[in-house]
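Asker: Protein chains in written order, with UniProt numbering: chain A, 1 to 179; chain B, 1 to 239.
These are computed hints drawn from the structure, not numbers from a lab.
Careful: at least some of the hints might be erroneous.
As the list claims (entries may be wrong) - Straight-line Cα separation of at most 20 Å, DMTMM-like style, residue types lysine to aspartate or glutamate; simulated pairs:
hint, chain 1, residue 1, chain 2, residue 2
1, A, K119, A, E102
2, B, K3, B, D67
3, B, K84, A, E138
4, A, K141, B, D119
Predicted model, so just to flag it, every value in this text is computed and none were measured.
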Amino acid sequence: MANKIRVATTSLAGCFGCHMSFLDIDERMLQLAEVVEFDRSPITDIEHCTNCDIGLIEGGVCNSENVHVLREFRKNCKILVAVGACAINGGLPALRNHIPLEECLNEAYIEGIGVEKPKIPSDIELPLLLNQVHPIHEVVKIDYFLPGCPPSADVFWKFLTDLIEGREPSLPYELVHYD
Amino acid sequence: MSKTITIDGKVIPFEEGQTIMEAATAAGIYIPHLCHQPEFTPHGSCKLCTVKVNGRNCSACTFPAMDGQDVLSETEELIDDRRKITQMLFVEGNHLCPGCEKTGNCQLQAVAYHLNMLDNHFPLFYPDREVDASHPDVMLDRNRCILCTLCVRASQQKDGKNVFAVSGRGIHKHLIVNSDSGLLKDTDLEATDRAAHICPTGAILIKRTGYRVPIGERIYDHKEIDQVSLEAEHVKHGE
């Protein structure tokens, strides 16, 4: 097929669980590969996305790099999709939203049990943490949302086949879960 | 001739003194709700059951049925309002379903599923809310409280106690506990109380029971809340 649909994926403040669940479409991946090609994604190792049709974003926004990546995706993807609980409401990383950032860092790198050579990482290469974790719709316009922790493989399949075959994507009751 | 109201074009009978919600439920019509439970005095606070009665919005759980009322419930506009209300309930608290014991059995989540709510739409508040784990058998997590007051009513009306109340206004409104220390352990609440089991969300939980039924096999995992809600009512009336 000459003009394949270009899909980019990334995980921000996520655990890659949504990506793993996406891979659970199993042999249907071959069917998908006939009409879709992957741009920036853990599957391809491409560093920056360019002119994509669909961008799938896993995870919320917890640091400055997440913000840059998310904006890059919005700029380059016609359709941007929030995938999974963390992208939609911050998810479990957002549990830190009630704890001052300094306390979090102290607990993790200074006072925590078993910490050796206590020092808060400050390498210039490291993206700065945001005060709070945010869902991605607070940063850029999101076109579709796939809830779940993670969304099941069938959610990915239903959503992508709907889009690819020109239907307005919809999820029936059985496919809508927040857990 | 018996008196009737019309809901979405369907003529249904009602008995004198019934609310629109009661008449609808008796006729097998589900109107989404969270703060309403048939066995308690209606409270009318969650507004999910908002219906249009003769052109005006009313809470179906508190509004009396009257002969000839024209009630609209499942209109696109009202469904959209209900979805927005549910989204607001989600963003005003800290409702992180993957980490909540109540997931799959939660009415807030089930209503959201029923309304096909896929996102939160609004910016999240992430309010600071207190957890009270002091009681040996009952857990109180205010992060998940939607202030429906069902626990308040259950404690007073069924248990003959007065364990819970709501205090404060606006965003500062919160559930309080009736003891000098403000802690659940110093109240006369018992795990067998109705108030300990009435919470539609995961704000009041019985300890050590959360995962007896695995996720995926819970009440709303495969059955919609409209069906569950109506079946529960009909079982109660021996139908």
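Asker: Take the hints in turn and mark each one as holding or not.
Answerer: Each hint, compared with the structure:
1. K119(A) x E102(A): holds (12 Å)
2. K3(B) x D67(B): Measuring from Cα to Cα gives roughly 5 Å; hence the hint holds.
3. K84(B) x E138(A): Holds - the C-alpha atoms of E138(A) and K84(B) are around 17 Å apart, at most 20 Å.
4. K141(A) x D119(B): holds (12 Å)
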